[in-house]
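*Asks:* These are the residues of each chain, in order.
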Amino acid sequence: MKFIMLLAAAGSLFLNQAKWAAAEAKLSEATQECIECHKIVHPGIVADWQRSRHAQVTPGTALKVTGLGLKVSNPSVPENLRETAVGCAECHTRRPKEHADTFDHNGHEIHIVVSPGDCRTCHVQEAEQYSKNIMAHAYKNLAGNKVYNDLENAILGEIQRKGGKIAIQPAHAATRAETCYYCHGTQLKVTGKETRDTELAGALDFPKIDGWPNQGVGRVNLDGTLGSCAACHTRHQFSIETARKPYTCKECHVGPDVPAFKVYEASKHGNLFSTHNKDWEFKSVPWTVGKDFTAPTCAACHVSLLVNTEGEVVAQRSHQMNDRLPWRLLGLVYAHPHPIEPDTTIIRNKNGQPLPTDLDGGVAAKYLIGKDAMSQRRRTLQAVCLSCHGTAWVDGQWARFENTIRETNAKTLSATRIMKEIWASGLAAGFEQKANPFDEGIERRWADTWLIYANTIRFASAMGCGGDYGVFSDGRYQLNRAIMDLHDWLELRKQMQLSKKP
Amino acid sequence: MKFIMLLAAAGSLFLNQAKWAAAEAKLSEATQECIECHKIVHPGIVADWQRSRHAQVTPGTALKVTGLGLKVSNPSVPENLRETAVGCAECHTRRPKEHADTFDHNGHEIHIVVSPGDCRTCHVQEAEQYSKNIMAHAYKNLAGNKVYNDLENAILGEIQRKGGKIAIQPAHAATRAETCYYCHGTQLKVTGKETRDTELAGALDFPKIDGWPNQGVGRVNLDGTLGSCAACHTRHQFSIETARKPYTCKECHVGPDVPAFKVYEASKHGNLFSTHNKDWEFKSVPWTVGKDFTAPTCAACHVSLLVNTEGEVVAQRSHQMNDRLPWRLLGLVYAHPHPIEPDTTIIRNKNGQPLPTDLDGGVAAKYLIGKDAMSQRRRTLQAVCLSCHGTAWVDGQWARFENTIRETNAKTLSATRIMKEIWASGLAAGFEQKANPFDEGIERRWADTWLIYANTIRFASAMGCGGDYGVFSDGRYQLNRAIMDLHDWLELRKQMQLSKKP
Amino acid sequence: MKFIMLLAAAGSLFLNQAKWAAAEAKLSEATQECIECHKIVHPGIVADWQRSRHAQVTPGTALKVTGLGLKVSNPSVPENLRETAVGCAECHTRRPKEHADTFDHNGHEIHIVVSPGDCRTCHVQEAEQYSKNIMAHAYKNLAGNKVYNDLENAILGEIQRKGGKIAIQPAHAATRAETCYYCHGTQLKVTGKETRDTELAGALDFPKIDGWPNQGVGRVNLDGTLGSCAACHTRHQFSIETARKPYTCKECHVGPDVPAFKVYEASKHGNLFSTHNKDWEFKSVPWTVGKDFTAPTCAACHVSLLVNTEGEVVAQRSHQMNDRLPWRLLGLVYAHPHPIEPDTTIIRNKNGQPLPTDLDGGVAAKYLIGKDAMSQRRRTLQAVCLSCHGTAWVDGQWARFENTIRETNAKTLSATRIMKEIWASGLAAGFEQKANPFDEGIERRWADTWLIYANTIRFASAMGCGGDYGVFSDGRYQLNRAIMDLHDWLELRKQMQLSKKP
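Chains as they are written, first to last, in the working numbering: chain G, 33 to 534; chain B, 33 to 534; chain F, 33 to 534.
Same shape as in the complex, but just chain G:
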């Protein structure tokens, strides 16, 4: 017994050391220099990076992997980067001429903001795909859309009652950076330099960057590229486990506007994830259905390279995530087929508005994918479902899901018709009155119907196959109720107007 205790204790010691292993790969001289100071001034960053694959495997070694396990998709990684770990210097001194924030730091040309333009040095295919992902364009898609700007102001702007009216001022830059653009990404801009006294190296110059910090999915970087890989592949461990667990997606998709995580967590899939993920393997590439995991996470359905237990591909990896999505569930103001181009500011509905649907529910078809593309994306997505579910199960669920899209769109139309009657009655001022259609209380009740409730119902259907949450938690209970409230509000004021008449 004592012998076994010793072994167990020693084994456990070994495992603990392995967890906290020093980098095994050789470091470049530059990176060694970085670490010397930064392990003292930012110990958390250095320690986190030491756990990363970047610290442990050189690109040269990684490139030797053949088949589906290959992680470095650029076969032409520069020779000088192949034999050392991917350390501080490898990323933060990459392409110095292209980064507006490059500055001299102890003799090195450093930039603060590492971008997809840097990451593509090794991960070219992922960077290429992601650039076509609608998420990469999230900054402009919001900031460059007049209708959304109105909504943004109505939500974020300074607000006061003045002279018997509500007056709203545009939101502060600091506010915008902390809210919509936390997820969408900010536009970064170097505005000057500042000198800071540092403990280890005395006075040092640093660039001042507007919009910093940020790690939004559509960040406009200082080299002109779009997005932040760190949004999902969180620095500086860059662990695929992080990206594959639903907590990462939750950062932006938790609701109540886009409650993907919320409905997932309450679904059968979410139950199995919560219960069993401790026993799953989140680091295998490719990712084997049934062996590595027994219920999908967000990544399994939308991003990851999946194989079955025979090693056959179930789904190709894609960082252009809408590749597997026929529908865009987010109601603007109705759910609609996915846009063709990731830049959605080019879209015009029949009334010339930059919206994928018009207020009566018609789609701006020219800018949205057609039936064939939708069918193909559906099949790509359903291949994942069919790994664990029979055809009748999957078809039955899909029929319900598309019924739900039709139905929530119909209810949004019911709500919008009442809203239009309110505008027409002069009880509020909207699009036709050239006013902000989102800045009055009753307009916001209308916005609830499509921005909160219809979205929730559709996400609950898509990701949770329905269930209690889609009914009672900002769902169907609330959607019908909101339509009743719109009606009630209008009726009361109509009766008042009648009673005023002589």
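Be aware that one or more of the hints could be misleading.
Put simply, identical chains are the same to the list, so a pair is met inside one copy or across any two.
[Said to hold, decoys possible] Result set (PhoX-like, lysine-lysine): computed pairs, CA atoms no more than 25 Å apart in a straight line:
| # | residue 1 | residue 2 |
| --- | --- | --- |
| 1 | Lys300 | Lys240 |
| 2 | Lys197 | Lys452 |
| 3 | Lys221 | Lys300 |
| 4 | Lys323 | Lys71 |
| 5 | Lys323 | Lys310 |
| 6 | Lys300 | Lys172 |
| 7 | Lys58 | Lys323 |
| 8 | Lys129 | Lys221 |
| 9 | Lys197 | Lys129 |
| 10 | Lys382 | Lys300 |
| 11 | Lys398 | Lys221 |
| 12 | Lys71 | Lys300 |
| 13 | Lys240 | Lys71 |
| 14 | Lys300 | Lys310 |
| 15 | Lys225 | Lys240 |
| 16 | Lys398 | Lys178 |
| 17 | Lys466 | Lys178 |
| 18 | Lys240 | Lys172 |
Source of the hints: derived by calculation from the structure; they are not laboratory data.
Once you have looked at the hints, place chains B and F on chain G.
*Replies:* Chains B and F in isolation, oriented as in the chain G frame:
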């Protein structure tokens, strides 16, 4: 050190293999045949099942267990099932004559929907108990109740403003299946056959089943039995760990209408579960308080067979879950003693409505358990509490809990009185006007008081001993506020009526 | 292979036994006596305690630790307590003369409620700090404040519509104990004795305690001390792991009024915690950034003793948790600098109200910390941030955070101005009318703006750096909307008054 590293590595390899072990028990020929194809077409199902106890232990072996650890409660499992694993064929070809969806599939008489009628082959006691559980009757209890039908329509139905009035159409079948009946269970019905081209076996016939997919607790199966064991014992791993963790209950009890999980998660018990469950043992039968777990999950209080560290029984296993529940917290519209019969459609209140309470708070006593039964159930439940808490603690908490039942019922009465005044004033149309009492905005504000807020407060008290959530998250803050709102709505309209009078 | 299997199996057996190890430290005779019965009547408590450090390490051994790892901060632990485990008797018979609930129990002078006055026997520094923590005073700070009493009554009180008016009665003691005072702590009081028949020892006397059970942070104990260490260091395992995980803080800080956990969980830090905490070390003292954990929990930023990987102190342990907090985010009714004294009932604003701010947003500066103290606390807190983030990142975030404080205060002012106009118009009765300013529907809509929405926005900014939750989940979307609603409510009634005039 190297030797130890080798051992640790080898041990770790061994453990990983064990996790992903091939079935150890012998397979029947039929099951072998199933797996040959299905490991390719549905690898996730097969892999999941291979992790299950069903794949690893034959009923014959399981029956040899003596004492409290016995899991197979039917001593008379048919001989021909005893010596092979419980595989695909054992369940999906069981009792072929009794299942309306039985069809010929490569020479086997297969049915798609496995039911409690099949599971009782081994688990007769659990099936028997569950058939008396109110949950088994969840389909009919909802679909067969006229008052609930009105509520269902008002929540799910198509809705429009037409001619200055709100018009609601009954909900689609697809909508109902995805919402209320996702949890309550659908009524399954074979409507025909379809031929599908399959990759491995060419054209094959399959039954078409209305209401499929579904795994609701009260599903009406194709053999006439009620419920789906897979609602909690999720296919195809059927892991007791899944059923014992609260994430399973969460699928239906997350709120805001029945927020059991939400309040549990924020309670001291939930804190301990979240913090320490990684170190608990979820598979032991019986389940030992203090040794296997140090705070209860839903299953510990409501279902599982518990023993103390001396091996003495603390609570008997029961799949008739209300066995430990004196009160039914769900307000319909008031909280009330538990119904005697699981079929609640037989209940009539003093006004002849199919409700356990009347609108003034009186209980339909004839259909509900009496004081003695309530006391006995309270004692059964409190035996669990007393494993870790002193008598004064438990009694003090129970007194608060019953105070909360009285109080929330009193507040529901306050709200209902205002609602009745609104109906009496002709400002809305309810029961007495033979109208749907849930289809106007103000009626829904009333419904909030008992369906959302009073329920939340009671669940918070019962499962969390109160706390912040029961106050601010759809709780007391909102309940009193809703009553103020009902009053405000009525007063405004009364004043308008007064001002109209000459 | 067989040899290795044997080793792995044996090792695993050993680990399981270690988990459930019997106490290693010697027990006092008194404690042995306790356990003899209580392992049968309360097996969960005994088993839980056996896992605790209290059961395994004597104070004498603990005192031998030198340096930052020292856990027993009183060097003068009485000699008679040094050589036995900290068992039942050591705590429950400590200072018998000082506890009003001391009673004779099988020949021992036992008290039921262990208090910080007992814990300080070993943990004097923590008890001292905690007594200066605002949380220790949470009972009186709420119960002794007339304005808060009004709010409490309006939320908890019995409510009815009587004679065309809303009438509210003060809340039951049982209700208060289960709600506000569940977290704030109850005032305990011995009200008599009762005799109970016990299974093992026949008839025994026990004290009856009003306000029991409770483990709130500001509990007024029967020895006059304040607080319950068990609020965070949950009995009877007293695991530092429990206190360091965010689930403990969640019990009271989950929202929507103080949604610290909610926004943390959806933040990048929360994502990393949820994803990786299984690999973190929660028991090390001191707690090493980057090595033991790679993202902060609540405790890391607000309480724990942190060191960097070189062993240098990043943050000193403090149980006076506001030590690292310049701002008090909780709006009363505006966010404000932290109070100087933990007893906030002494505060008076310029109108003589016991509030840290007045209704126009002015601060009761005399009672709140000044700029220097705020700067120093900010630096103490930011030292934690700087372990993993650069200066520009931290400064940028802080600037946004303080912008958010200013902005939410400005919006609270906008809402309050409308509320004051409503009061002035006689449409509701508030402070100036000597009425409860929280007991009418529209007053509660006003309360939403600062008690729910502004708080949520500030917590989201402070703990999540903003993000989606701070916008859509009881955040900015709802805050501007509530101000529009206040305006809408007032305008409608103003128009009605106009139309009534001849």
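*Asks:* Give a verdict on every hint.
*Replies:* Now for the hints, and whether the structure bears them out:
1. Lys300 to Lys240: Cα proximity of Lys300 and Lys240: across copies only (24 Å, versus 48 Å in one copy).
2. Lys197 to Lys452: both (21 Å within a copy, 16 Å between copies)
3. Lys221 to Lys300: between (45 Å within a copy, 23 Å between copies)
4. Lys323 to Lys71: Only across copies: Lys323 and Lys71 sit 12 Å apart there, 38 Å inside one copy, limit 25 Å.
5. Lys323 to Lys310: both (13 Å within a copy, 21 Å between copies)
6. Lys300 to Lys172: between (36 Å within a copy, 23 Å between copies)
7. Lys58 to Lys323: between (34 Å within a copy, 21 Å between copies)
8. Lys129 to Lys221: within (16 Å within a copy, 68 Å between copies)
9. Lys197 to Lys129: Classified as neither: same-chain Cα gap 52 Å, cross-chain 66 Å, threshold 25 Å.
10. Lys382 to Lys300: neither (41 Å within a copy, 40 Å between copies)
11. Lys398 to Lys221: Neither, since 35 Å and 42 Å both go past 25 Å.
12. Lys71 to Lys300: Classified as between; 22 Å across copies, 44 Å inside a copy.
13. Lys240 to Lys71: within (23 Å within a copy, 58 Å between copies)
14. Lys300 to Lys310: Both ways: Lys300 and Lys310 sit 17 Å apart in one copy and 20 Å across, limit 25 Å.
15. Lys225 to Lys240: Within one copy only: 5 Å inside, 69 Å across.
16. Lys398 to Lys178: within (20 Å within a copy, 47 Å between copies)
17. Lys466 to Lys178: For Lys466 and Lys178, only the intra-copy Cα distance (12 Å) is at most 25 Å; the inter-copy one is 48 Å.
18. Lys240 to Lys172: within (23 Å within a copy, 48 Å between copies)
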